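Colleague: Next come the chains, spelled out residue by residue.
Protein chains: 2
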Amino acid sequence: MNKSKQAKISVVFIGSGNLATHLAKAMYATGYSIEQIYSRTIESAKVLAEAVDAKYTNQIDSISKSATIYITALTDEALVDLVSELTEGREQGLWVHTAGSVPISLWKEHCSHYGVLYPMQTFSKKKEVVFKEIPVFIEASTPSDLELLNGIAKTLTEKVYEASSEQRKNLHLAAVFACNFTNHMYTLASDLLKDNDLPFEVLLPLIDETAQKVHQLKPNEAQTGPAIRNDKEVMDDHLDLLYKYPNLKHIYKEISKSIINSKAKNK
Amino acid sequence: MNKSKQAKISVVFIGSGNLATHLAKAMYATGYSIEQIYSRTIESAKVLAEAVDAKYTNQIDSISKSATIYITALTDEALVDLVSELTEGREQGLWVHTAGSVPISLWKEHCSHYGVLYPMQTFSKKKEVVFKEIPVFIEASTPSDLELLNGIAKTLTEKVYEASSEQRKNLHLAAVFACNFTNHMYTLASDLLKDNDLPFEVLLPLIDETAQKVHQLKPNEAQTGPAIRNDKEVMDDHLDLLYKYPNLKHIYKEISKSIINSKAKNK
Numbered sequence: 000m001n002k003s004k005q006a007k008i009s010v011v012f013i014g015s016g017n018l019a020t021h022l023a024k025a026m027y028a029t030g031y032s033i034e035q036i037y038s039r040t041i042e043s044a045k046v047l048a049e050a051v052d053a054k055y056t057n058q059i060d061s062i063s064k065s066a067t068i069y070i071t072a073l074t075d076e077a078l079v080d081l082v083s084e085l086t087e088g089r090e091q092g093l094w095v096h097t098a099g100s101v102p103i104s105l106w107k108e109h110c111s112h113y114g115v116l117y118p119m120q121t122f123s124k125k126k127e128v129v130f131k132e133i134p135v136f137i138e139a140s141t142p143s144d145l146e147l148l149n150g151i152a153k154t155l156t157e158k159v160y161e162a163s164s165e166q167r168k169n170l171h172l173a174a175v176f177a178c179n180f181t182n183h184m185y186t187l188a189s190d191l192l193k194d195n196d197l198p199f200e201v202l203l204p205l206i207d208e209t210a211q212k213v214h215q216l217k218p219n220e221a222q223t224g225p226a227i228r229n230d231k232e233v234m235d236d237h238l239d240l241l242y243k244y245p246n247l248k249h250i251y252k253e254i255s256k257s258i259i260n261s262k263a264k265n266k
Numbered sequence: 000m001n002k003s004k005q006a007k008i009s010v011v012f013i014g015s016g017n018l019a020t021h022l023a024k025a026m027y028a029t030g031y032s033i034e035q036i037y038s039r040t041i042e043s044a045k046v047l048a049e050a051v052d053a054k055y056t057n058q059i060d061s062i063s064k065s066a067t068i069y070i071t072a073l074t075d076e077a078l079v080d081l082v083s084e085l086t087e088g089r090e091q092g093l094w095v096h097t098a099g100s101v102p103i104s105l106w107k108e109h110c111s112h113y114g115v116l117y118p119m120q121t122f123s124k125k126k127e128v129v130f131k132e133i134p135v136f137i138e139a140s141t142p143s144d145l146e147l148l149n150g151i152a153k154t155l156t157e158k159v160y161e162a163s164s165e166q167r168k169n170l171h172l173a174a175v176f177a178c179n180f181t182n183h184m185y186t187l188a189s190d191l192l193k194d195n196d197l198p199f200e201v202l203l204p205l206i207d208e209t210a211q212k213v214h215q216l217k218p219n220e221a222q223t224g225p226a227i228r229n230d231k232e233v234m235d236d237h238l239d240l241l242y243k244y245p246n247l248k249h250i251y252k253e254i255s256k257s258i259i260n261s262k263a264k265n266k
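Chains as they are written, first to last, in numbering that gives the first Met the number 0: chain A, 0 to 266; chain B, 0 to 266.
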């Protein structure tokens, strides 16, 4: 898509958080015209609007009725609550949400052109994210809407995939394991080190290498440690060491059991 | 320590695996004289011996009786089995093991100078490791032995820490959480993606970012996802999605519970 074609597309953002900010700036930089930013927090709408030369509002009534595309970046709950009110009188636009676990069918009763643009990444306020590495999953109600979303997604990243709502739900769930649960393993390790006067930073090279390994090996090939060797002596020692920590002991047992099961399954 | 001082120290390696290979090469490169490599597999002893200009053997009887330092890099089990036989007639040397979970007291009855040099990292045959980033934990029977081990550890890495056997056991256990259990989370995520015709590689940016985040934030500050928000609706959806996978469903419940407990504890 060339710049003149992009300029004819006017975009409204519903939400002004981390994702909306990155996406709006990336689209603006590649020639899209950002018409307006809506956010319940006017200050936050204003900051993003000024960065992308757009208008802004915190009133749903004042959201433009003539945009080509409306991109929502809200919490799942807010999106479900507001979908009727947002789309009313704006049914002609292409409505796109950015949530992993919300199906495309959310839009069905509310407008005729709709889709999903889901960037799979973990966002924390205090940590900047490089978008060009992030996989983005798209889905749309028609082939031409999909093409439009593909062009938008490519302003963010090279890694654009088409995925159904069912696949996206499973992606989001897989991400809970690979990101949220992984981070909790770091937390449990950190608790243990703290109680033994050891700094968490000593684990960072190991954490990095564990992540790096699965770029080259399949995760089940990369598995090391006492559970995969079924080394009962070391596991019993570890469980003894954890006598003061019933929660860690429980998690240790359950995940070790799961590793042993996984190995049996992969044989 | 200068090179001439190092040259007076002769070193024997017991074991010729990944760790022995890296350590022997690093010590050789900084001027230590590697006298001999012992391995039960003669071919493996030979390969390493040739790289560091040393003799080699697969017979315990033929291990040098006059080395300054003996560094063992064996499995925990082999080390415990062989400790008597190895040290017999070689009690004058400084004996060092490289295992996370074996206490320094293993040596006590067998020799008078002893210690531990534990590099905390995950080793897989198919994946090279950069040693200079790895933290190494040392412990020794006397201050002068500790100084010697410090010099050796510094040939591998800048990150040398003194740690007691108790601390080292807890480090090893923390590493099980941060590495082995984390890798298992990758495996479970990978199983889920496979069953939904999605390639594992789509998770790599998320896995990398999850590891990178804890360089800047504490793990409990970096936590995201439905459990930390206590978002019961999303968690119930996920459990429904997992109806075909009783193991993943069980792990999902247990870790989510642990995340919720952790949050309550940190309040």
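It cannot be assumed that every hint is accurate.
Repeated chains share a single entry, so a pair holds when one copy, or any two copies, can fit it.
[As the list claims (entries may be wrong)] Cross-link-like lysine to any residue pairs, in silico, SDA-like; alpha carbons within 25 Å at most:
no. : residue 1 : residue 2
1   : K45       : T29
2   : K217      : S83
3   : K131      : K248
4   : K262      : D75
5   : K64       : D236
6   : K153      : S143
7   : K158      : Q211
8   : K248      : A98
9   : K24       : F199
10  : K256      : D75
11  : K193      : I133
12  : K231      : T74
13  : K231      : G88
14  : K24       : H249
15  : K256      : Y242
16  : K243      : S164
17  : K153      : L238
18  : K45       : Q211
19  : K107      : D239
20  : K252      : E87
21  : K158      : Q91
22  : K193      : S43
23  : K262      : E161
24  : K24       : D239
25  : K248      : D75
26  : K24       : K158
27  : K168      : Y242
28  : K264      : N57
29  : K217      : D194
30  : K262      : N17
Just so you know, these hints were derived from the structure itself, not from any lab. Predicted model only: the values in this text are computed from it and were never measured.
Colleague: If a hint holds in the structure, say so; if it doesn't, say that too.
Modeller: Consistency of the hints with the structure:
When the C-alpha separation of K45 and T29 is checked against a cutoff of 25 Å, the pair qualifies only within one copy, where the shortest distance is 21 Å, while the shortest distance between copies is 60 Å. For the identical chains of this complex, K217 and S83 are neighbours neither inside a copy (44 Å) nor across copies (40 Å), given an alpha-carbon limit of 25 Å. Taking CA atoms no more than 25 Å apart as the test, K131 paired with K248 passes in neither setting, with 40 Å inside one copy and 33 Å between copies. Taking CA atoms no more than 25 Å apart as the test, K262 paired with D75 passes between copies only; the shortest distance there is 22 Å, against 37 Å inside one copy.
Taking identical chains as interchangeable, the C-alpha atoms of K64 and D236 are never at most 25 Å apart, the minima being 66 Å within one chain and 34 Å between chains. Taking identical chains as interchangeable, the C-alpha atoms of K153 and S143 lie at most 25 Å apart only when both belong to the same chain, with a minimum of 15 Å there against 61 Å between chains. Proximity of K158 to Q211 under the C-alpha cut-off of 25 Å is found in both arrangements, the shortest distances being 19 Å within a copy and 20 Å between copies. Taking the closest pair of Cα atoms, K248 and A98 come within 25 Å of each other only across two copies (22 Å); inside a single copy the shortest separation is 35 Å, beyond that limit.
Taking the shortest Cα distances, K24 and F199 never come within 25 Å of each other, neither inside one copy (36 Å) nor across copies (29 Å). For the identical chains of this complex, K256 and D75 are inter-copy neighbours only, at 22 Å across copies versus 34 Å inside a copy, given an alpha-carbon limit of 25 Å. For a Cα distance limit of 25 Å, the shortest separation of K193 from I133 across copies, 20 Å, qualifies, whereas the shortest one inside one copy, 33 Å, does not. In this homomeric assembly, K231 and T74 come within 25 Å of each other (Cα to Cα) only across copies, at 14 Å, whereas the closest approach inside a single copy is 45 Å.
Proximity of K231 and G88 under a CA criterion of 25 Å is satisfied in neither setting, with 66 Å inside one chain copy and 33 Å between copies. When the C-alpha separation of K24 and H249 is checked against a cutoff of 25 Å, the pair qualifies neither within a copy, at 46 Å, nor between copies, at 41 Å. When the C-alpha separation of K256 and Y242 is checked against a cutoff of 25 Å, the pair qualifies both within a copy, at 18 Å, and between copies, at 19 Å. Proximity of K243 and S164 under a CA criterion of 25 Å is satisfied inter-copy only: 18 Å between copies versus 44 Å inside one chain copy.
Taking the shortest Cα distances, K153 and L238 never come within 25 Å of each other, neither inside one copy (49 Å) nor across copies (33 Å). Proximity of K45 and Q211 under a CA criterion of 25 Å is satisfied in neither setting, with 40 Å inside one chain copy and 31 Å between copies. In this assembly of identical chains, the alpha carbons of K107 and D239 lie at most 25 Å apart only when taken from different copies (23 Å versus 56 Å within one copy). In the homo-oligomer, the alpha carbons of K252 and E87 never lie at most 25 Å apart, since the shortest distance is 53 Å inside one protomer and 39 Å across protomers.
For the identical chains of this complex, K158 and Q91 are neighbours neither inside a copy (29 Å) nor across copies (61 Å), given an alpha-carbon limit of 25 Å. For a Cα distance limit of 25 Å, the shortest separation of K193 from S43 qualifies neither inside one copy, at 38 Å, nor across copies, at 40 Å. In the homo-oligomer, the alpha carbons of K262 and E161 never lie at most 25 Å apart, since the shortest distance is 32 Å inside one protomer and 36 Å across protomers. Taking the shortest alpha-carbon separations for K24 and D239, neither the intra-copy value of 53 Å nor the inter-copy value of 37 Å comes in at or below 25 Å.
Taking the closest pair of Cα atoms, K248 and D75 come within 25 Å of each other only across two copies (22 Å); inside a single copy the shortest separation is 34 Å, beyond that limit. Proximity of K24 and K158 under a CA criterion of 25 Å is satisfied intra-copy only: 18 Å inside one chain copy versus 41 Å between copies. Proximity of K168 and Y242 under a CA criterion of 25 Å is satisfied inter-copy only: 14 Å between copies versus 38 Å inside one chain copy. Taking identical chains as interchangeable, the C-alpha atoms of K264 and N57 are never at most 25 Å apart, the minima being 54 Å within one chain and 37 Å between chains.
Only between protomers do K217 and D194 lie at most 25 Å apart by alpha-carbon distance; the minimum there is 15 Å, versus 34 Å within a single protomer. Taking the closest pair of Cα atoms, K262 and N17 come within 25 Å of each other only across two copies (23 Å); inside a single copy the shortest separation is 40 Å, beyond that limit.
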